[in-house]
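Student: Listed below, chain by chain, are the residues.
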Amino acid sequence: MTLELFIQYIFAGITYGAIYAIVAIGFNIIYNTTGIINFAQGEFVMLGGMISISLIEYLNLPAAIALAVVITMIIGALVEIIFIRWLQGPSVLRMIIITIGVSILIREAALHIWGESVRSLPYFIGDEITSVSILGAHISPQVFCVLAVCTVMMLLLGVFFKTTSVGREMRACAANSTAAILCGINTRNMVTLSFVLSAAIGALAGAVMSPITYSQYNIGTGLAIKGFTVAILGGLGSSGGAVIAGLLLGIIEAFSVSVLPLAFQEAISIAILLLILFIRPHGLFGSKDAAGLKQF
Amino acid sequence: MMKKYLPFLPLIAFVVCVHLLTSWTGTLYYLTQMTMSAYYALLIIGLCVVMGYAGQISLGHAGFFAIGGYLSAALTTRNLLPFEDTAVLRMLDALGVLMKGQDIYGEVIVVITPWAACITAVCVAALLAFFIGVPALKLKGHYLAMATLGFGIIIYRVVLASEYFGEADGISEVPPFVLAGSLAVSGDFSERISNYYIAWVLVIAGVVLLRNLIDSRVGRALRAIHGAEDAAGSMGVDTARYKLHVFVLSAVFAAIAGVFMTHYNGSIGPSEAGVMKSVRYVAIVAVGGMAHLWGALIMAIILNFLSLRGVFGSYDDAVFGLILIVIMLFAPNGLLRINLRSKLQAFFSRAKRAEEV
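Chains S and Y, in that order, are what the protein sequence lines are. Numbering follows our numbering, with no gaps: position 255 of the first sequence is 255. Numbering follows our numbering, with no gaps: position 139 of the second sequence is 1139.
Quick caveat, the hints were computed from the structure, so don't treat them as lab data. For every residue, glycine included, the Cβ atom is placed at its ideal position computed from N, Cα and C. Take these hints with a grain of salt, some might be off.
[To be verified] Coverage of chain Y stretches by chain S, computed from C-beta distances (three or more under 8 Å per stretch; other residues unrestricted):
# : segment
1 : 1143–1157
2 : 1279–1292
3 : 1311–1320
All chains, please: the whole structure from these sequences, using the hints.
Tutor: As structure tokens, this is what we get:
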């Protein structure tokens, strides 16, 4: 393998990896506050891309993306308020089935609104053939947009959880929701907020990745599976682990294309998921003791 | 003893009545969808025992259905003539599992007999269920759901990507499955009635088997596992073994359903392996009331029949998604149960109040 090809694959891997990491962080935010895995997480990414593509006809690019993110946040809030908020002590099986149902409804609604066609946003800088040359490899400027947006999002999330009072309240819910209630935190609102937050980051990632990966009504399931793989790989609930695991999975996937047919690409990441689940369900970076407290 | 088999009488009566009614009114074509619904029901009652009684979710049962269907379709249609002189083929010939057929161009081909293909397909599904089940059933909740979902997607990807399984086109021209004498599973119109009864005999046999399983030691162990797995384990119930057995059994049910459905339709396509199919089976088990074999059977027949008749149109998947949510939100114990129970409660509370007055 030549150096150029190697760098090309690395960048492709990092781009996809960043997206997977964002989806995984979305899983983590909701998991931390509620203890449930939101199977509709991939649908938020799809909505972010599709809504901004529809809005671009009327608005300029930043406004379209911003509005799409806001709309997806509202949808995220509605999902929580309508389907989850009022349930009392639901079983895990029930929650799984409900979020799966929600993901199907969003997907089918998207199918009826946008049809089966594959769409994409225009490139933010230049067009399809614009490229930046790095050590002989040609990288689209959009790749840097994706990486920049994902990095900024992760940093902002870090700042939000560490320094703001709302962020600290959310972390309190994650650590011990009973104690949080005793401190006067409205945990129900925190749960809604966690859905809004993960809808927002999912939608933003969906919009910036759209020029490279394209958007279609059914991309959600694949993204959810890969995001979940990354979340498990990095240790469920750990955002730092999710970033490392996301980049790892993205790069493995990118290089697998050079060895195996493209059609098996998805099968590879799922095989990794199964292996991790079977061998190290607490993830590569998580500790076994901490994982023992969770619902395996 | 007799009492146990009493509920089967209305079922058999229903099956016969549907046949008579459709033949009187000249609407025998309904039997085609009834036959297909029956095969789906066979899978669903198997899944019902895994989900409802053992409490383990599986989002990968369409995968087992597809393994059954695809393997039997591939083995009975793929020409083995180029391998005529190999030792393996001579051995197969000696075992009497080869037969001559014709491809769509009228050329003579050599294929595996449906019986041998069926047994192979079911065994492969059972083995895969075993190897997936050993590690997967150690997981709980979200992890088990994701693991089985992942398994289903891998099967889907493999059939979609491999030439042997016909890629996006699937496999067609699957020959009839001759069970005995002139009794054959095929989509031939002249054999519609016999096929209808073949499907229902399979379903009833399946229900009898599962009913007995549930009422046995195994069934009690399973319910203990569902209630509290750790407690069951501490009472000496070998939880891992029981869960695995039921999982493998349900995979066998799914594979048999796949084999028969494929011979009945004469073809199979990748949509049968899709994630939405697995979710649909889970939805039907949920509507039936999870731990409710008869409920699952009734809902499987009603919903699959409506879906196959095209009642839901392009909202087919959306309807099942909606059913899933509504049932889980408002009636997690199933549709049949909530009506009966709340009505009974309302009735009794009224009676009580009347007494008090």
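Student: Look at each hint and say if it fits the structure.
Tutor: Results for each hint:
Under the rule that three or more residues need a Cβ within less than 8 Å of chain S, the assignment of the segment 1143–1157 of chain Y holds, with 10 such residues. With 4 residues carrying a beta carbon less than 8 Å from a beta carbon of chain S, the segment 1279–1292 of chain Y meets the three-residue requirement, and the given coverage holds. Counting residues of the segment 1311–1320 of chain Y whose beta-carbon sits less than 8 Å from any beta-carbon of chain S gives 5, enough to reach three: the coverage restraint holds.
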